[in-house]
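With the hints as extra help, turn the sequences into a complete structure.
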Amino acid sequence: MPSDRIVERRRVFQQYKEDVKDRGKPFYPYAMFHDTVMSLVVVCVIVALAIIWKYTTPGDHHTTAAGWLGKLYDEPADPGTINFVPRPDWYFYFLFYLLRIFKWPNSVILGTIGIPTIALVLLLAIPFLDVRAERRLLRRPVAVIASILVVLSMGVLTYKGATAKEALGSELLAQVPHWAKTQGFSNNPTAIAGARLFAESGCLNCHTYLGNGGHNLGAPNLSAEGAKNKGIAFQISHLKCPACVNSGSPMPSFAGLGEDNLKKLATFLEASKGGK
Amino acid sequence: MATRRLTRTQQLQQTILYPIDWLEERSGLVGGVKYFLFRKVPGDINWFQTLGSAALTAFLVQALTGVILAMYYQPSAAIDPHTHQPIAYSSIKHITNDVFAGWLVRGMHRWGASVFIILMFMHMGRVFLFGAYKYPRELNWIIGVLLLASGLGEGFTGYLLPWDQTAYWATVVGININGTAPFLGPFLAQFLQGGTYINADTLSRFYSIHMLLIPGAIFALIGLHLYLVVRLGVTSPPWSKEAAGTGPLEAPSQNGRSGLVSPTARRRGR
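In order, the protein sequence lines correspond to chains A and B.
Count the first sequence with my numbering and you get residues 1 to 276, in order.
Count the second sequence with my numbering and you get residues 1 to 270, in order.
The hints are simulated quantities; they were obtained by calculation from the structure and are not laboratory data.
Idealized CB from N, CA, C, for every residue including glycine.
Among these hints, one or two may not hold up.
With a Cα cut of at most 20 angstroms, we get these calculated EDC-like pairs of lysine to aspartate or glutamate [said to hold, decoys possible]:
no., chain 1, residue 1, chain 2, residue 2
1, B, Lys40, A, Asp22
2, B, Lys40, A, Glu18
3, B, Lys241, A, Glu134
4, A, Lys54, B, Glu25
One-sided and incomplete, this derived list gives chain A residues near chain B with beta-carbon spacing under 7 angstroms [to be verified]:
no., residue
5, Gly24
6, Ala31
7, Met38
8, Leu49
9, Asp74
10, Ile113
11, Lys264
So the derived label-pair ranges between C-beta atoms look like this [claimed, not checked]:
no., chain 1, residue 1, chain 2, residue 2, range
12, A, Ser147, B, Leu221, 19 to 25 angstroms
13, B, Leu188, A, Thr190, 38 to 44 angstroms
14, B, Ile20, A, Asp78, 56 to 62 angstroms
15, B, Ser208, A, Gly114, 28 to 34 angstroms
16, A, Ala65, B, Trp47, 37 to 43 angstroms
17, A, Lys21, B, Lys241, 17 to 23 angstroms
18, A, Ile145, B, Asp201, 44 to 50 angstroms
19, B, Leu226, A, Glu75, 52 to 58 angstroms
20, B, Met122, A, Pro141, 20 to 26 angstroms
21, A, Val142, B, Leu188, 31 to 37 angstroms
22, A, Ile145, B, Glu138, 21 to 27 angstroms
23, A, Ile145, B, Leu226, 28 to 34 angstroms
As structure tokens, then:
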């Protein structure tokens with residue numbers, strides 16, 4: 001015997017079918033007219049965006065200058081030069097920014113995998129969590145509040161992701177003498193060369209160092225990395241393959257810098273004891 | 001004796017109808033299309049309910065512009081001897097600057113992706129607020145979520161294809177994040193990269209996933225999605241006073257059913 005609730009919802013759906021049959025209107029032309037108008041608007045918006053993208057880009061379009069909607073293209077991919085900003089397309093900004101909230105190494109997996117997976121499972125489960133037949137908004141306070149919170153948090157995360165400041169290599173380079181003084185490695189030319197590489201190679205797009213840097217993707221503060229005394233050999237192997245040393249690290253490999261540069265970077269990191 | 005000759009009009013009608021009848025007799029397609037077009041929908045549906053077909057339109061724009069781009073795009077990370085830049089990157093530049101209306105097709109594909117994803121989110125919001133995922137439409141909600149995930153997958157794989165710095169490094173980090181997932185993560189990362197590191201094979205692999213695997217899945221899922229929409233019907237807005245199917249469920253009316261066309265039929269008896 002099906003329960004009362006199941007009998008009731010079957011009856012309601014039967015009623016729905018009868019109501020539509022008796023008093024509905026045909027899809028063509030009524031609904032189809034609305035759909036067609038909307039589709040035309042969509043195509044016009046897409047074409048308009050394409051036109052704005054091209055015609056607001058200054059120069060002859062062979063350069064990488066940015067127009068209102070961003071660059072037509074960036075410099076070609078070069079696994080060897082490491083100065084990059086790991087920035088996804090805008091509709092992934094909420095995920096991208098979510099990773100700033102979590103701190104490596106303990107909880108960053110919550111941001112990378114945990115929360116997105118939970119969100120996806122919840123999304124799939126909605127029809128089975130909310131089994132009432134009620135559809136009127138005023139009588140679904142939980143659903144309404146949940147949807148407002150989701151929209152707000154996605155909006156805020158997207159906005160924060162879009163306006164997240166990127167550290168500029170040239171500005172960071174000017175900080176190197178200050179770093180050397182604070183950390184006390186002014187007399188170590190290898191560490192200073194490493195600090196310059198550190199400033200130029202985009203490390204601070206994710207990491208923070210003495211108040212500079214991006215703190216993206218849950219990357220840790222490296223101001224006192226050397227205080228852990230892990231050794232230069234460890235630092236080099238970590239830079240070559242972060243995930244091999246630190247299981248689950250989303251940091252890309254910096255093997256492309258070459259052995260010499262890696263040694264400089266490692267010396268700099270080991271000399272960073274957190275300052276006075 | 002009574003072999004009446006057909007008039008010209010009748011002859012013309014027969015000539016036009018013959019191929020349609022021929023097709024109908026052998027496939028039933030004509031009846032299917034008629035059923036699709038002339039099926040009844042509730043009289044109170046509104047503009048919010050066009051978001052689904054708008055997302056479909058955006059997807060079709062992506063499919064069409066994608067086919068055109070595939071005619072010119074070359075998924076190779078090797079260095080072009082003429083431009084001294086990666087071939088994929090050079091082909092994107094070629095499309096943007098040299099091919100007739102190439103900039104328009106590429107721009108439409110680039111921004112159509114954003115429009116497609118926004119429309120899917122808006123459509124999902126509409127379905128959620130209308131409570132349209134409830135019995136008997138649960139399965140269609142699930143298919144919709146899978147479509148959204150596939151759309152985001154298209155966004156992720158397509159982002160790499162211009163093979164510029166932004167694309168490359170966003171993908172490196174994206175794959176590394178995939179790799180952090182428990183159990184499946186490392187395998188997924190290796191599958192996406194076609195190796196332990198991101199390399200030249202990664203590009204052709206992303207290209208294949210982007211233009212064959214996921215679009216195939218999306219077409220199939222859209223087919224199922226629309227089949228269920230036609231089979232189960234479209235819901236009335238929940239606030240509608242003439243909503244189909246409300247009947248005497250929560251607001252009993254005197255004559256036992258609500259009016260779809262004339263709201264006055266739902267006067268409450270005291």
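Hints and how they fare:
no.	hint	verdict
1	Lys40(B) - Asp22(A)	9 angstroms, holds
2	Lys40(B) - Glu18(A)	10 angstroms, holds
3	Lys241(B) - Glu134(A)	14 angstroms, holds
4	Lys54(A) - Glu25(B)	51 angstroms, violated
5	Gly24	3 angstroms, holds
6	Ala31	5 angstroms, holds
7	Met38	4 angstroms, holds
8	Leu49	4 angstroms, holds
9	Asp74	4 angstroms, holds
10	Ile113	5 angstroms, holds
11	Lys264	22 angstroms, violated
12	Ser147(A) - Leu221(B): 19 to 25 angstroms	24 angstroms, holds
13	Leu188(B) - Thr190(A): 38 to 44 angstroms	39 angstroms, holds
14	Ile20(B) - Asp78(A): 56 to 62 angstroms	59 angstroms, holds
15	Ser208(B) - Gly114(A): 28 to 34 angstroms	30 angstroms, holds
16	Ala65(A) - Trp47(B): 37 to 43 angstroms	39 angstroms, holds
17	Lys21(A) - Lys241(B): 17 to 23 angstroms	20 angstroms, holds
18	Ile145(A) - Asp201(B): 44 to 50 angstroms	47 angstroms, holds
19	Leu226(B) - Glu75(A): 52 to 58 angstroms	43 angstroms, violated
20	Met122(B) - Pro141(A): 20 to 26 angstroms	22 angstroms, holds
21	Val142(A) - Leu188(B): 31 to 37 angstroms	34 angstroms, holds
22	Ile145(A) - Glu138(B): 21 to 27 angstroms	22 angstroms, holds
23	Ile145(A) - Leu226(B): 28 to 34 angstroms	32 angstroms, holds
The structure does not agree with the numbered hints 4, 11 and 19 stated previously, though it agrees with the rest.
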